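Peer 1: Can you make the complete structure from the sequences, with help from the hints?
Taken in order, these protein sequences are the chains called A and B. Using the working numbering, the first residue of the first sequence is number 1, and each one after it goes up by one. Using the working numbering, the first residue of the second sequence is number 1, and each one after it goes up by one.
There may be inaccurate statements among the hints.
Derived pair list, reagent style PhoX-like, types lysine-lysine, alpha-carbon separation capped at 25 Å [what the hints assert, rightly or not]:
#1 B/167 / B/184
#2 B/184 / A/281
#3 A/281 / A/207
#4 A/108 / A/235
#5 A/277 / A/58
#6 A/235 / A/65
#7 B/264 / A/207
#8 A/277 / A/207
#9 B/184 / A/277
#10 B/264 / B/184
#11 B/264 / A/108
Keep in mind that the hints were calculated from the coordinates and are not lab data. None of the values given here were measured: they were computed from a predicted structure.
Take a look at the letters that make up each chain.
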Amino acid sequence: MAVTQTRLRHKGGIPPYGLLLLPAVGFMLLVYAYPFVSSVITSFVSPSGGLSLVNFQKTIDLYLKDIVFTLLVTTSNTVMILVAAIMFAVYLRMSDTAVSRLLSHIYKLGIFIPFVVVAQMMRSFLAPHGMLNVALAQLGLINIDRPLQLFNYAGLTFGFMWKLVPFAVLIVHGGFQMIDNSYLEAARSTGARLFHVVTRILVPMNKSSILVATVLVYAQIVSTFTLPYMLIGGKIPTTITVDIAHRVNYFRDFGVANALGVVSYVFVLVTAVYYLKNSMKQHQGKKVKEVVHA
Amino acid sequence: MHRKRLIRLAIELVLLVLVLLILIGPVSSLVIWSIAETWYWPNAFPQEVGLQYWLQALGLRTSLAIGAVSIVPAFLLSIMIAVITVVFSMAITIPAGYALAKYHIPLGGFVLFLFLMPNAFPQMPIFVNLLRIYTDIGLAGTIPGVIIAHMLVGIVFGVWITSATFKSIPPSLEEAARSVGATKFTAFRRISLPLAAPGLLASAVFIFIKSLEEFTGTFFVGLPFVQTLPMTLYSASGYNMQFASVTAIVLMVPSVLFMILIQKVLRAEYVGGMG
Numbered sequence: 001m002a003v004t005q006t007r008l009r010h011k012g013g014i015p016p017y018g019l020l021l022l023p024a025v026g027f028m029l030l031v032y033a034y035p036f037v038s039s040v041i042t043s044f045v046s047p048s049g050g051l052s053l054v055n056f057q058k059t060i061d062l063y064l065k066d067i068v069f070t071l072l073v074t075t076s077n078t079v080m081i082l083v084a085a086i087m088f089a090v091y092l093r094m095s096d097t098a099v100s101r102l103l104s105h106i107y108k109l110g111i112f113i114p115f116v117v118v119a120q121m122m123r124s125f126l127a128p129h130g131m132l133n134v135a136l137a138q139l140g141l142i143n144i145d146r147p148l149q150l151f152n153y154a155g156l157t158f159g160f161m162w163k164l165v166p167f168a169v170l171i172v173h174g175g176f177q178m179i180d181n182s183y184l185e186a187a188r189s190t191g192a193r194l195f196h197v198v199t200r201i202l203v204p205m206n207k208s209s210i211l212v213a214t215v216l217v218y219a220q221i222v223s224t225f226t227l228p229y230m231l232i233g234g235k236i237p238t239t240i241t242v243d244i245a246h247r248v249n250y251f252r253d254f255g256v257a258n259a260l261g262v263v264s265y266v267f268v269l270v271t272a273v274y275y276l277k278n279s280m281k282q283h284q285g286k287k288v289k290e291v292v293h294a
Numbered sequence: 001m002h003r004k005r006l007i008r009l010a011i012e013l014v015l016l017v018l019v020l021l022i023l024i025g026p027v028s029s030l031v032i033w034s035i036a037e038t039w040y041w042p043n044a045f046p047q048e049v050g051l052q053y054w055l056q057a058l059g060l061r062t063s064l065a066i067g068a069v070s071i072v073p074a075f076l077l078s079i080m081i082a083v084i085t086v087v088f089s090m091a092i093t094i095p096a097g098y099a100l101a102k103y104h105i106p107l108g109g110f111v112l113f114l115f116l117m118p119n120a121f122p123q124m125p126i127f128v129n130l131l132r133i134y135t136d137i138g139l140a141g142t143i144p145g146v147i148i149a150h151m152l153v154g155i156v157f158g159v160w161i162t163s164a165t166f167k168s169i170p171p172s173l174e175e176a177a178r179s180v181g182a183t184k185f186t187a188f189r190r191i192s193l194p195l196a197a198p199g200l201l202a203s204a205v206f207i208f209i210k211s212l213e214e215f216t217g218t219f220f221v222g223l224p225f226v227q228t229l230p231m232t233l234y235s236a237s238g239y240n241m242q243f244a245s246v247t248a249i250v251l252m253v254p255s256v257l258f259m260i261l262i263q264k265v266l267r268a269e270y271v272g273g274m275g
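Peer 2: So this is what it looks like as structure tokens:
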């Protein structure tokens, strides 16, 4: 073992962490950073090889509707998911009954089921002749001859909520649990109503985990391919992830596919900057603390 | 007071039933489709149920039905890809996670940035361009190409889980071992590694699950030659609901079981993973 160590030291004075990190960093540079940079560059290269905006022009001409649709889906679904998740997490935090304890376990189911399986579930559950329509017809709420058409915005929203509300609850509820009971008791004892306890104490004190949940939910909706692909496919309007797949599979048109990719980068620009800043601070902060401890 | 409590209980029960219906509805739709042998619309339930499609999918009975394929080869291929992905990813992430946890790294910000980027930006353009690069070097549509794409997903999470694990081990333990003459590597092997084992195992299981269920990367760099289980699910979904449902359940069960086992060890933001 001593031999290994001396060898490490002798090799041109590379510090040990350099060798430890080399494979991982090398892999990420080659398999992540290089394709990332090349996706941005390719989007500005015209089919004839010169630098131009022709791919973006084509993207706007062909896919403006889908870009607007994607923006609508991502923003509205993120808001709905977060509102539902905060309400559910508040309920879990504030009540301690047999029902709430049971719910605090079973709500997680959606998190563990892969997106591709969720997509298949929604395809059968929300189909015109699927279980939801049949059940609604049995209850007399709809006419079975005119079933609800859900392979569109509505179904996509249901699918995203089914999968991502539990994920957001997990993060937000974790934050709520860090808030000491004494704050809540103090507020309740001075007669604060539940609404005020939530808006003045729980949500403000838990701002960071709510923001992280927002950012991650939003980024996931922008980048999810399976659910819109299997639910809506090539119908108009669809999401830009589906358009990218079509562009590549049917036309081998990497220019427009990458221009659409760059549009999806722009979608997440604000949330990405926030997430990166926040996470870097967190990780580096922890490291400083540990150095002090040592 | 008594009435108030009753109302509260009633509201809670309504909530419980609602959550159960929303959660169980889509899952049961999948289960019913997987055993439906005859199902004429608009009946609420199939006229005939049986395990015919399960037996066909599992290769125990041959069938001439449209879209009837045994999912066994795809299942074995998926398991093989997942195992190789885990081995290579762990070999890369254990040293990296250890370095991130134990050393103060100059340019550490850049390294962190590199590993956080994939969580913040959509990954689809990455796979699109990997396909382009793969096509030039002959990796498109090959199993090694798919494994590299799966490793990308695995390594990003693996680095965070392993570095968090190593961070939770007090440095004083390794220092104690070194003070009685152990080399750095021995101290790592005999002290840190065993203590980190549960976290590393969780990381391995997580990478395995992520590889098993990976769709987008395989779709771009693997099709049409590398038919993993999610690809089989996708192609069956177009024309045979029963086979698609059987495949979906086969894919879902290990994910749910393993995730329940390891979720306690993982930080909330990693559990969700990427779509």
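Peer 1: Taking the hints in turn, state whether each one holds.
Peer 2: Hint-by-hint comparison with the structure:
no., hint, in the structure
1, B/167 / B/184, "holds (17 Å)"
2, B/184 / A/281, "violated (30 Å)"
3, A/281 / A/207, "holds (16 Å)"
4, A/108 / A/235, "violated (32 Å)"
5, A/277 / A/58, "violated (34 Å)"
6, A/235 / A/65, "holds (12 Å)"
7, B/264 / A/207, "holds (23 Å)"
8, A/277 / A/207, "holds (16 Å)"
9, B/184 / A/277, "violated (34 Å)"
10, B/264 / B/184, "violated (31 Å)"
11, B/264 / A/108, "holds (12 Å)"
Hint compliance for this structure: hints 2, 4, 5, 9, 10 are not met, and every other hint is.
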